[in-house]
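There are 4 protein chains.
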Amino acid sequence: MIKEGDLVFLYCDEKRNYLVRAGGPSLHTDKGVLAIKEIVGKSFGQALETNLGIPFFILKPTLHEMVMKVNRQTQILYPKDIGIILTQANIFPGAKVIEAGIGSGALTSALANFIRPGGKVYSYERNEDFLKNAKKNLEKNGLSDWVEFNHLEVTSEFPQKEADFIMIDIGSPWELIDAAHKSLKGGCRLASICPTYEQLTKTVFSLEEKGFVNIETMEVLVRKILVRRGKTRPEQRMPSHTGWLVFGTKTI
Amino acid sequence: MIKEGDLVFLYCDEKRNYLVRAGGPSLHTDKGVLAIKEIVGKSFGQALETNLGIPFFILKPTLHEMVMKVNRQTQILYPKDIGIILTQANIFPGAKVIEAGIGSGALTSALANFIRPGGKVYSYERNEDFLKNAKKNLEKNGLSDWVEFNHLEVTSEFPQKEADFIMIDIGSPWELIDAAHKSLKGGCRLASICPTYEQLTKTVFSLEEKGFVNIETMEVLVRKILVRRGKTRPEQRMPSHTGWLVFGTKTI
Amino acid sequence: MIKEGDLVFLYCDEKRNYLVRAGGPSLHTDKGVLAIKEIVGKSFGQALETNLGIPFFILKPTLHEMVMKVNRQTQILYPKDIGIILTQANIFPGAKVIEAGIGSGALTSALANFIRPGGKVYSYERNEDFLKNAKKNLEKNGLSDWVEFNHLEVTSEFPQKEADFIMIDIGSPWELIDAAHKSLKGGCRLASICPTYEQLTKTVFSLEEKGFVNIETMEVLVRKILVRRGKTRPEQRMPSHTGWLVFGTKTI
Amino acid sequence: MIKEGDLVFLYCDEKRNYLVRAGGPSLHTDKGVLAIKEIVGKSFGQALETNLGIPFFILKPTLHEMVMKVNRQTQILYPKDIGIILTQANIFPGAKVIEAGIGSGALTSALANFIRPGGKVYSYERNEDFLKNAKKNLEKNGLSDWVEFNHLEVTSEFPQKEADFIMIDIGSPWELIDAAHKSLKGGCRLASICPTYEQLTKTVFSLEEKGFVNIETMEVLVRKILVRRGKTRPEQRMPSHTGWLVFGTKTI
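Chains as they are written, first to last, in our numbering: chain A, 1 to 252; chain B, 1001 to 1252; chain C, 2001 to 2252; chain D, 3001 to 3252.
Hints listed in this document are in silico derivations from the structure and should not be mistaken for laboratory results.
Check each hint, because a few of them may be wrong.
Unchecked claim - Facing chain C, a subset of chain A residues (Cβ under 8 Å, in silico):
id : residue
1  : Arg21
2  : Gly23
3  : Thr29
4  : Gly32
5  : Pro195
6  : Tyr197
7  : Arg223
8  : Arg233
9  : Glu235
10 : Met238
11 : Pro239
12 : His241
To be verified - Keeping only pairs whose Cα atoms sit at most 30 Å apart, straight-line, the calculated DSS-like set for lysine-lysine is:
id : chain 1 : residue 1 : chain 2 : residue 2
13 : C       : Lys2210   : D       : Lys3210
14 : A       : Lys224    : B       : Lys1037
15 : C       : Lys2069   : D       : Lys3210
16 : D       : Lys3185   : C       : Lys2224
17 : B       : Lys1037   : A       : Lys210
All C-beta atoms, glycine included, are put in the ideal place defined by N, C-alpha and C.
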């Protein structure tokens, strides 16, 4: 049974879907009004009808929704890129993670989800508005307990040491390679995302100079396929670039 | 300090790298012999030299290595596809997961890693050789404690109920949609991978008939970029198809 | 020197560009009015300024503009797909080509351009409005002399025989495989475009049954890269599907 | 009826196919011996059997075969990239084309095919071995009459002026932008292919400095789909990079 305050994903179709807290204010949609307070007491998988009788299904939010539905004050990391980070780095329940540049808290939500219950994400952000917004997003996603929010522009050193994974998501990643090197455990990985080719090469060369090995750069493309009787085909337009993901492993 | 039996990733370059247990037998490579017993007592990030003086770095294995280095008796799920599953489904520390078709234990390793410490993966496999091999792979990866290995061909029902996530990775996924529906929590997601269009359409239509919603199908492509001074370019050949990933959410 | 009636491509930027006949009526743009009659007497490569002083360059139209700027009453074949057809089929100056389904005349323009001066494109279209529109597009592109426009729904046979290349661009390509076989030279190729997987498989199986060999199916993706100082990156969204191209060669 | 010396494409399957001159020496394959002299007098579309009774079909070569089967002494331009050039530039029967860097004559074959009968391709190559090899390839393809082969390293100027299209396919394309500008008709396009990012950015910036407009950069990907009853899927590995194509139009 869904309780007041539970996070639910209300799904009508690909374009009409919402991430809300059960018991919150009513939601006005082009398919009618959704009485969000009536979700309390229902079960996941049931439908909530609008006043016009259109069903919205009450679903368990996945990481995909938590990431895509953050209130955005910045570019976010997309699930396609987050997925690759989850497999390419040392992320596990209990991991100690440092993140430079919290942005809107999209990746932070994913990291917090998977380092639970014994781990922690130490996030650094120099822009106070971004940090506040990211914190709200993490709170909405029910994951803020596993994040330490620091309003600080790191330049030479992070307070934490012996991190299992460090993510650098700022405009000039190469400026933090040295600081990251000091805080990363030997044999563990650092990741960064670079939207432009110039950022990419500069970041990779900095990693090489600092002795990182197994440096890998990749881009991820996801194409949806629309499966319909007699009319199955890929989508006609797709996202074709977010950024290149860079990974490197610290040696000592 | 690395102890006897610790899993380590020995990395020389993109083609020469190994996943081994510290203290095991020596390894013969084209760059000389690696005395694996000498890893014990060293630290992650240090190098182990072959008898010819070539350094192999002692790195912390990530999920990527655990997946790619399983002993393969079947096709495996690749990290690119596993990454998307991790964001598209309800996977978190403590989750109860069912997997039909363990294959070589590649995805199983990823699921086990992320549902720790309180969760469990219930795996079903009708081929006993595959199951034994997968179990060995999970043991090598240090993740077998979070997996229940069942030598059983499920047809109508899984013994477990109220699963947070169900993965169907068999040749005819549509045959298990009904069983999966019985065992999945309302509002939670099922995933499958279909190498061919015929499997894909049949699986999607079965999900629709059973009332699943938010049915999504996608393919994931990862292209590596080789960053080198004055010679930066994408790799010249890449994997262009593994299978289409299908997701659907149970309604009640 | 540009003469009255010459086809010119007026280019300001990626979003503001027009295909016009020199000497035609003035053109109102958000950058001001272009006096098209003043193009007469200028040279290709020069600029024509709007009444607000914004330059539009007077360029030679390429096939890309002729194709993309047709007045569209139907889906068109895109340059990316046309380019592959030009290399995969027997198209050359003097070729005899049959086209079933003229659509808006996009591919027809490309075929007419390359079979000049001795060849001919025999186009069949059952929809009279489409045919009239396509004819106007070919006339604008200055290529209608090399096309025979037939308002006819072919079912069992084309009047022409011994064609070097046949293109089938209709909703049910498999219905014309037999007719195409009768009209194609031995050892020459047929092409079709199939937007859906169901059309694709049906078309390929029909080709197989009719004894075609070297049957190939492919999709073409083009991604633009934005090269800018310090900010070079691929475009963020791209077309991800038009249709699959099918080719097969007639045996006797 | 096929005559002695006619170019034919002998096709058994995707891996066993040859481009030969009718009447030439016998060909030894893993499916038996092909008596090439017996092709004379047969018709296109018929089969030639090996001494083991395996049929090879006698097909009309398309540009694809002429390009892919050149004797390679260099990297070649692939049909996917040639196709885009054919639509993005001013190529037509009668066109005057300049090519800097003939390589193995792959693109040259395509250009020669489409500028016939009244046009000409003026090719420049500083490496005499490459030039000789390219000439042989063009002769084999029956297209050498439309090409002028020049053993010359152009630095400041091409002898020809008023070209409809110029292709620069050398390692440092930016060094010939100035020469190309002198020889290109106003309003016409230049193309180049750049395998690396460093070449790409340098070439684009040179074009900008020289006043070229409508500068476009793109990459082309072609993925084959294997259509088989009940087993339809894309190929599992594909070419993922040849080079970026750059286009720009001369202004005056």
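query = Looking back at the hints listed earlier, which ones does the structure fail to meet?
reply = 1, 2, 3, 4, 13, 14
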